[in-house]
Amino acid sequence: MMQSLQFRAMNTDVLLAVEGQGASERALQRAREEIEAFERRFSRFRPDSELSVLNGSAGQWTPVSDEMLDLLILAQAYYQETGGLFDPSVLPDLRRAGYDATFDLLRGRDASAATGPRAAREPFTALELDTAHGLVRLPEGMQIDLGGIGKGWVVQRVAERLKSGNTGAAVSAGGDMYFAGMPAGGKKWRVEIEDPLDVDGTAAVLNVGEGAVVTSSISKRTWTQGGQARHHIIDPRSGEPAQTEWLSVTVVAPRADLAETYAKALLIGGQPMARRLLVQRPQIAVISITPDGQVLASDKCKEYLDGSNQRISSK
Amino acid sequence: MRLFRFALNIWITLVSIMSFLLGWVILGHSPKPVQPTSQPSTVSVAPLPTLTPLDSPQFGSGNSIQNFQVQNGFSSVPQPIFRTGGS
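Chains A and B supply the protein sequences, listed in that same order.
Just so you know, the first sequence maps onto residues -8 to 306 in the working numbering.
Just so you know, the second sequence maps onto residues 2 to 88 in the working numbering.
There's no promise every hint is true.
Stated by the list, open to error - Far from chain B, some chain A residues (derived; all Cβ distances over 12 Å): (1) Asn2; (2) Asn157; (3) Phe170; (4) Asp186; (5) Arg246; (6) Pro263; (7) Gln274; (8) Gly284.
Stated by the list, open to error - SDA-like, lysine to any residue: derived pairs with alpha carbons at most 20 Å apart: (9) A/Lys179 to B/Val78; (10) A/Lys291 to A/Val199; (11) A/Lys178 to A/Ser155; (12) A/Lys178 to B/Arg84; (13) A/Lys293 to A/Ser155; (14) A/Lys178 to B/Thr14; (15) A/Lys178 to B/Gln80.
In case anyone wonders, no lab produced these hints; they're calculated from the structure.
C-beta: ideal position from N, C-alpha, C; glycine also.
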């Protein structure tokens, strides 16, 4: 049997599961504490978090933790790999779009109106890293949000630690999941992809082994601003909520940070970006859902799709 | 050995025939099923009480959504449901 624990953290629902000899409530509780510690350090909504301190120190060299340095190095690599579609420095645009409070507070009220035009800012690559001394310098005016990539990063880290000494462990936080090891009995991890047109419906079912499954969607975290519908996926090219051809993109990849950044970049970039990025990273599988409910799957998905899937087309 | 097999075949054949004949005799002497009567009987039942209509659900005028609270706690299951829909 698998031991599991559910709780709320990082403004989302978190599920931890572990199976094996070391599977215990104590191990799950330790994993929960690690996620909560991560949230305290990387939340942009906590004024005392390390991220908020860094955002408040733009223009000067600031000492940061090893974890922050690792995440920023990863983020810069993915920024370049995705041609800037994954960009943690869109935080000022996200705030202009009205996402200026935790989503639990934002939900159900009209967000504050955008103040003035979009300010010119330097590209994310202008962020300077001194890895030898653990220092970071944000250019003046740059503010970063590591919510997406950070969630993927911590999900994988916690799952791998939870798996240690056990058969398998899984961590799911919102749309981000990482599976370390396998369930007992030679089974695979079964993952349902939510239908963005019907939150109770399932668009596809995957059977996956060790690795990550991440979904990025414009149907979640939506609000209104001056009566206009908004969502949290910002297109760095326009600074506005992205106009996407798909409602959601799910990526299966060996690493959670890779799956997280590619899900977002593919959702923003659509079909043309998918053609380029899938050549670049042939090991990832992509499933996207169109506004008319069509489910599109890349060739690599054949390895994971459950036989019960009915609505899949290849792309 | 050959004699034994021949005797076994004879014995199985005889037992099969005897069982068949015994079943025939038992079924032939068993009581016949009751035939249904041609006139359906009517049973008078008391009328059902009239149900009172349910109160209409009251929705707020705005689009407010109640925060979904995940039930905190440990559980032990074969495999929990992993569902991804974005965050």
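Right, here's what the structure says about each hint:
Chain B draws A/Asn2 into its interface by the beta-carbon criterion, the shortest separation being 8 Å against a cut-off of 12 Å. Annotated as non-interface, A/Asn157 keeps its C-beta farther than 12 Å from every C-beta of chain B; the closest such distance is 14 Å. Chain B draws A/Phe170 into its interface by the beta-carbon criterion, the shortest separation being 8 Å against a cut-off of 12 Å. A cut-off of 12 Å between C-beta atoms contradicts the statement that A/Asp186 is not in contact with chain B; the least separation is 8 Å.
No Cβ of chain B comes within 12 Å of the Cβ of A/Arg246; the nearest lies about 16 Å off, and the non-interface call holds. In this structure A/Pro263 is separated from chain B by more than 12 Å, as the shortest Cβ-Cβ distance comes to about 21 Å. Every C-beta of chain B lies more than 12 Å from that of A/Gln274, the closest at about 19 Å, which supports listing it as non-interface. With a closest Cβ-Cβ approach of about 14 Å to chain B, A/Gly284 is found to remain outside the 12 Å limit, as its non-interface label requires.
Distance hint between A/Lys179 and B/Val78 is fulfilled; the C-alpha atoms sit about 15 Å from each other, no more than 20 Å. A hinted pair counts as satisfied when its Cα atoms are at most 20 Å apart, and A/Lys291 with A/Val199 qualifies at roughly 12 Å. This hinted pair checks out: A/Lys178 and A/Ser155 have alpha carbons roughly 19 Å apart, not beyond 20 Å. Distance hint between A/Lys178 and B/Arg84 is fulfilled; the C-alpha atoms sit about 17 Å from each other, no more than 20 Å.
For the given pair, A/Lys293 sits about 30 Å from A/Ser155 by alpha-carbon distance, which is inconsistent with the 20 Å threshold. Proximity of A/Lys178 to B/Thr14 is assessed by CA-CA distance (about 51 Å); at most 20 Å being required, the pair is judged violated. Simply put, A/Lys178 and B/Gln80 have alpha-carbon atoms about 10 Å apart, close enough for the 20 Å limit, and the pair holds.
Hints 1, 3, 4, 13 and 14, counting from the list given before, are not met by this structure.
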